[in-house]
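Residue numbers (numbering that gives the first Met the number 0), protein chains in the order written: chain V, 0 to 350; chain Y, 0 to 350.
It is worth saying that the hints were derived from the structure and are not from the lab.
Keep in mind it's a predicted model, so treat the numbers as computed, not measured.
Hints should not be assumed to be uniformly reliable.
To be verified - Only some residues are given here: those of chain V computed to face chain Y with a beta carbon under 7 Å: (1) L196; (2) T200; (3) A214; (4) N240.
C-beta: ideal position from N, C-alpha, C; glycine also.
Protein chains: 2
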Amino acid sequence: MLPTIKWEGELIKILDQRKLPSKKEWYTCRGYRDVINAIEKMVIRGAPAIGVAAAMGLALGASSIRTRSFPAFSTRFTLLAEKMRLARPTAVNLQWAVERMLRLVDRSAGRSVEEIKQALRNESEVILAQDIDINKNIGRHGLTVVPENSTILTHCNAGSLATAGYGTALGVIRAAHAARKNIRVFADETRPWLQGLRLTTFELMEDGIPVTVIADNAAGSLMRQGEIDLVITGADRIAANGDVANKIGTYQVALMARIHRIPFYVAAPLSTIDPATPDGEAIPVENRPPEEITRIGRAALAPPGVNALNPAFDITPAKYVTAIITEAGIILPPFKKNIKDTMRSRPRFSS
Amino acid sequence: MLPTIKWEGELIKILDQRKLPSKKEWYTCRGYRDVINAIEKMVIRGAPAIGVAAAMGLALGASSIRTRSFPAFSTRFTLLAEKMRLARPTAVNLQWAVERMLRLVDRSAGRSVEEIKQALRNESEVILAQDIDINKNIGRHGLTVVPENSTILTHCNAGSLATAGYGTALGVIRAAHAARKNIRVFADETRPWLQGLRLTTFELMEDGIPVTVIADNAAGSLMRQGEIDLVITGADRIAANGDVANKIGTYQVALMARIHRIPFYVAAPLSTIDPATPDGEAIPVENRPPEEITRIGRAALAPPGVNALNPAFDITPAKYVTAIITEAGIILPPFKKNIKDTMRSRPRFSS
Chain V
0 MLPTIKWEGE LIKILDQRKL PSKKEWYTCR GYRDVINAIE KMVIRGAPAI GVAAAMGLAL
60 GASSIRTRSF PAFSTRFTLL AEKMRLARPT AVNLQWAVER MLRLVDRSAG RSVEEIKQAL
120 RNESEVILAQ DIDINKNIGR HGLTVVPENS TILTHCNAGS LATAGYGTAL GVIRAAHAAR
180 KNIRVFADET RPWLQGLRLT TFELMEDGIP VTVIADNAAG SLMRQGEIDL VITGADRIAA
240 NGDVANKIGT YQVALMARIH RIPFYVAAPL STIDPATPDG EAIPVENRPP EEITRIGRAA
300 LAPPGVNALN PAFDITPAKY VTAIITEAGI ILPPFKKNIK DTMRSRPRFS S
Chain Y
0 MLPTIKWEGE LIKILDQRKL PSKKEWYTCR GYRDVINAIE KMVIRGAPAI GVAAAMGLAL
60 GASSIRTRSF PAFSTRFTLL AEKMRLARPT AVNLQWAVER MLRLVDRSAG RSVEEIKQAL
120 RNESEVILAQ DIDINKNIGR HGLTVVPENS TILTHCNAGS LATAGYGTAL GVIRAAHAAR
180 KNIRVFADET RPWLQGLRLT TFELMEDGIP VTVIADNAAG SLMRQGEIDL VITGADRIAA
240 NGDVANKIGT YQVALMARIH RIPFYVAAPL STIDPATPDG EAIPVENRPP EEITRIGRAA
300 LAPPGVNALN PAFDITPAKY VTAIITEAGI ILPPFKKNIK DTMRSRPRFS S
């Protein structure tokens with residue numbers, strides 16, 4: 000699998016997910032503004048990958064701050080960080096990565112600016128590497144919920160391309176495949192951005208995991224026919240009470256899973272859990288440009304001037320979530336208590 | 000509004016719905032095979048429109064049968080009819096129209112072949128004209144279920160373009176708009192064929208009815224936010240027990256409507272109700288080419304060779320249907336009894 004994002008000397012290269020799978024193009028970031036643009040325009044997407052990109056973007060931004068004074072550096076770095084925070088509102092991993100980089104600077108008052116720049120670069124590389132480890136642990140824990148010979152429905156892309164590598168929901172699927180559980184996957188195509196049609200199929204086909212893409216409209220009907228044994232999705236933010244923000248359509252899938260008595264799992268790193276967000280109501284949901292709906296693959300298919308509403312995420316109430324699969328283990332209901340206990344016993348890498 | 004289908008001398012002209020709304024092209028049928036092709040390839044679609052097209056196609060086919068012998072004519076016409084039946088499996092209106100034309104021939108044993116050909120042509124024109132009247136009556140009855148200032152969700156296109164004119168679900172919406180009920184409409188874009196994005200928006204914008212298109216994935220989230228007051232869809236076949244076959248995704252919408260306590264109405268002519276189909280399990284559901292999912296607007300967006308499953312319809316169990324709006328009035332549960340009573344008191348035009 001190609002890396003999602005990488006350092007190349009003083010440049011950051013991002014695999015342009017707008018072009019996949021038909022073209023494998025690298026989007027080159029020469030400064031932090033390019034990284035913000037890449038996040039806003041969805042050159043890179045997926046909560047964990049956005050977190051990694053933000054950390055790398057801040058390290059890149061720091062390298063171009065021309066001062067030897069720590070206070071001046073700190074002020075200007077904080078300004079960069081505040082701009083980075085605004086790139087996309089819903090995925091909390093972006094905030095998490097920004098805070099982790101800010102805290103590194105806060106702790107570095109005695110060091111030279113050059114040392115701090117190097118430390119930020121190192122930290123971004125650690126975050127990149129840790130994300131892959133985290134995903135492998137998610138896969139390892141998630142393995143236990145996947146029965147032999149089962150068919151798994153996934154929504155959007157929570158794969159290698161949504162992370163630094165391996166994936167969260169697709170990490171569990173990869174682990175189950177590696178353990179020879181004889182699984183197969185239905186991928187919701189995931190309108191409007193078609194992450195399922197374009198990215199999840201691409202990843203799973205590269206790994207030889209049997210995958211069939213369906214219109215989002217077909218998921219309920221397949222559940223009714225007994226064709227789906229479990230659902231696994233990723234998450235963009237999980238509130239303290241277990242409410243889950245994820246790609247638009249996830250809520251519907253979770254509702255339908257409940258009605259058809261199919262388990263609905265969310266696979267995500269602890270960095271996606273935000274103890275400061277009490278519940279789903281407090282999660283900001285981004286509305287993206289209507290053109291993502293009205294234009295597909297450059298073709299304008301809708302009547303000119305049509306109104307379109309394009310919320311990018313929705314909120315799945317905790318009561319529809321069977322369990323949350325994290326690198327620290329599987330969190331079961333009651334989520335409010337069990338999330339708190341998990342976060343307490345496993346401090347985040349940043350603290 | 001442009002007509003969906005029309006006679007032009009000895010030709011049938013069909014507005015090509017594959018090209019709408021960007022191009023308004025007429026597809027010309029010189030023989031019944033062209034009409035079968037138009038139905039199969041979805042040049043024309045929507046259960047009532049398919050019924051009208053089948054009747055017109057059979058009249059066209061009859062005109063080219065070269066014989067003066069009634070038995071020879073009847074045999075060859077029956078052969079055409081059997082081919083027409085196979086054009087698409089789910090919408091029962093196709094079967095209904097074919098049977099209506101066959102019965103006309105059966106009743107015509109004493110007449111000359113030329114007279115019968117003319118009678119078939121006339122019958123197809125009657126079916127065309129009646130369909131518009133039926134839809135206006137559906138609109139008139141449906142009006143009573145639409146509250147003032149309400150927001151209506153519709154799925155697929157059950158409009159003028161799905162019928163001879165005016166529409167079923169959109170007929171109710173047109174009637175409510177004409178009655179100044181101050182309604183607005185959310186249109187599910189309806190993947191894979193995008194009937195909502197391309198056709199429903201087009202029709203409603205032409206009529207000045209406020210419409211906003213959404214990804215199918217957003218319907219549940221909007222319901223949860225209280226943005227939708229009622230749902231109205233069309234149907235491709237309604238079984239004797241009230242189970243409804245309609246465009247893929249309808250089942251999900253109906254489930255979500257139930258969970259959010261939103262009424263879910265089906266608007267359809269009596270010709271869509273099939274007393275010979277006991278329940279939804281007995282309705283054949285067509286699987287259409289995977290390319291409808293993997294290629295959008297000519298662009299191949301999925302990885303080459305990807306598996307795709309493309310069921311065109313799904314079954315909504317009667318228990319999720321609030322009421323069926325027909326030209327003979329509103330049918331409430333219990334559907335099995337009330338459908339039977341309605342069909343008995345209002346014989347079909349064909350009988």
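Hint check:
no. : hint : in the structure
1   : L196 : holds, 5 Å
2   : T200 : holds, 5 Å
3   : A214 : holds, 4 Å
4   : N240 : violated, 16 Å
The structure shown violates just one earlier hint, number 4.
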